[in-house]
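Novice: As a plain string of letters, each chain reads:
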Amino acid sequence: MPGKGITGEVDRIAEKGLLQLHPFIPDRLRVVNDGNRLEVGQLLAKVACANCHALQRRTPLRHIPDKFHGATDEDLIAAFLQGPLKHGTQPYMPRIDLPEAEVRAIAHFLAVTNSGQDVERLIVQQRSATRVASQKE
Amino acid sequence: MDIGTVMNTMRDPAGVPAHPVLFQALMVLTWVLHIAFVHLTLGAAGLAIFSFHRRGRSPYWECLSMAMTKVAKVGVSLLIVLGVAPLLFTQVIYDPQWYASNVLSGRWAIAFIFTLIVAYCSWFAFYYANHEGAKRHIGVFAWVGLLLFCLDGLIMHALSYQALLPGQWMGWYAPGGVVDTRGAALHAIQWPRYLFIMSLSAPAVGIFLIAYAHYFAGREDREPAYRAFTRSLGQRMASRGFVLALLPLLGWQMSHPAGSGLVAHPVGVLLVLAVIAMAGWMWRLREGTHGYLPVLGGLGLLAVLSLWREVIRVAHLKPFGYDIANYVVHADWPSALLFFATLAGVGGLVGGYYLTLIYRAGRVQGLYTASRGVARLGSGAVAILGVWIAVFFIYGIAIWVRNSFL
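Going down the list, the protein sequences come from chains A and B.
According to our numbering, the first sequence holds residues 1 to 137 in order.
According to our numbering, the second sequence holds residues 1 to 406 in order.
Derived from the structure by calculation, the hints contain no laboratory data.
Errors might be hidden in some of the hints.
If the Cβ cut is set under 8 Å, some of the chain A residues that face chain B in the computed set are [said to hold, decoys possible]: (1) Lys4; (2) Ile6; (3) Pro23; (4) Phe24; (5) Asp27; (6) Arg28; (7) Leu43; (8) Ala45; (9) Ala48; (10) Arg121.
We put the CB at the ideal spot given by N, CA and C, even for glycine.
Using the sequences plus the hints, can you model the full thing?
Specialist: Structure, rendered in structure tokens:
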């Protein structure tokens, strides 16, 4: 219901994405690529999900691995993000509509988390590899 | 992204319900009362500990320690209650800065609550045990309480100061481009500012002691020698305390950013002059001076300090294009009327009744009988509470009916 001149931002985020609109995204993470997908996915999950959900396994506060029943299939996770969540049909959840690249990044991060791998270590390794590659160029 | 645009975007999209300057003025005014009780509490706590360790020298020190322990105990509750108003006004007009700063140091913001709880419990344990012939080891509770109170002051200082430095937020949030969401650090501390504000606790309790001696002049159980002892001690603490406070104040004045115009700003200079004037006045305080006058002087000094904090905030945020004057206003006059009517009615009459009652009862030894005027004030307070509760419900029900059925 509109009031006091407030305009909705969900559609604008759907069009441009959180990576472009969110003020506190480091520049090197504003575009998703193979070298930062996991890190971007983690950051987006923190921005979009962590207000209500814990992101780690075996933690309190509606943790996401439990909500996905430990699913490690990225397509399955992405299907939820682009289905009920995108259209706002999930009870008790806000409508969160994100561009394809951002959905895939979040799905990748959640799949890796659910697989039980050490996400933090993987991100550090990827960051180092990206830095080495850019130095060689 | 330009941080000035970011701050303006982070404002409450619903705007504010009255002109922002109104909230700014209320913020400055209410902070004076809050910080007055912060100073009184910290000063009384420090003096209670000092007196506790000197209680073997004279019964006056023991009596003073017990009295100051109670003052600090009550002071904590009052500083918390009186801290709500300036905090809320800050959140209304400086919401982007306050919330960003709190998120950047999230663990400390949460730790503030828990350390304050532990500090208050520890102080209460000291209060419970600090009686005639108390054992030495109970002083540990007081030290723990006071140190945690000082830590809480440091946390509040850092949260306030970080809010003035939006240009550094991104560097704190994502150092080297790597996001750190732990909120584990206090990123910016301006030690001279913190030490100056904390240092005012000593002269504050000194001024309080002068008023304390005056207040108990009519009580025979507070013997004249004890009152003379407290007044003399208060005068020494006030005069020396203000002199000592000058050092961090001058350090603070010198640490303002170059080109900000703050180093020689008239309000800053006025604050320095006010501290010097208070020091001089306390140094030469005459016996016949009314015991409550220094309290008024102290509150005046704190008003200048409160204004100075706001001048500094405006000077820090203006280069980024943040100006409260252009905050979107959606005037809500009924709410404003309700607020001021509550402030005057409930705050003035009910608060006034309690203050009058406590003030007069404390000056009487033995049984206190309220005068006709105080009794009428009490009846008025009960009546206004009834009116307030009725208006509260009628207003809410009217809006509910209008929105749901009309």
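Novice: Interface hint check: Lys4/A, Cβ to nearest Cβ on chain B, cutoff 8 Å. Holds or violated?
Specialist: At 5 Å from the nearest chain B Cβ, Lys4/A passes the 8 Å test, so the hint holds.
Novice: With 8 Å as the cut and Cβ atoms as the points, is Pro23/A at the interface with chain B?
Specialist: holds, 4 Å
Novice: Taking the closest Cβ pair, is Ala45/A under 8 Å from chain B?
Specialist: The hint is violated - Ala45/A has no Cβ within 8 Å of chain B, the shortest such distance being about 11 Å.
Novice: Using Cβ atoms only, decide whether Ala48/A comes closer than 8 Å to chain B, and label the hint accordingly.
Specialist: violated, 13 Å
Novice: Less than 8 Å between beta-carbons is the criterion; does Arg28/A satisfy it with respect to chain B?
Specialist: holds, 5 Å
Novice: Would the hint on Phe24/A stand, with a C-beta cut-off of 8 Å toward chain B?
Specialist: holds, 6 Å
Novice: Is the shortest C-beta separation between Arg121/A and chain B less than 8 Å?
Specialist: violated, 14 Å
Novice: Given Ile6/A as an interface hint, is the shortest Cβ-Cβ distance to chain B below 8 Å?
Specialist: holds, 5 Å
Novice: Can we keep the Asp27/A interface hint, with Cβ of chain B closer than 8 Å?
Specialist: At about 7 Å, which falls below the 8 Å cut-off, the nearest Cβ of chain B leaves the hint on Asp27/A intact, so it holds.
Novice: Any CB of chain B closer than 8 Å to the CB of Leu43/A?
Specialist: holds, 6 Å
Violated hints, in rising order: 8, 9 and 10; the structure is consistent with all others.
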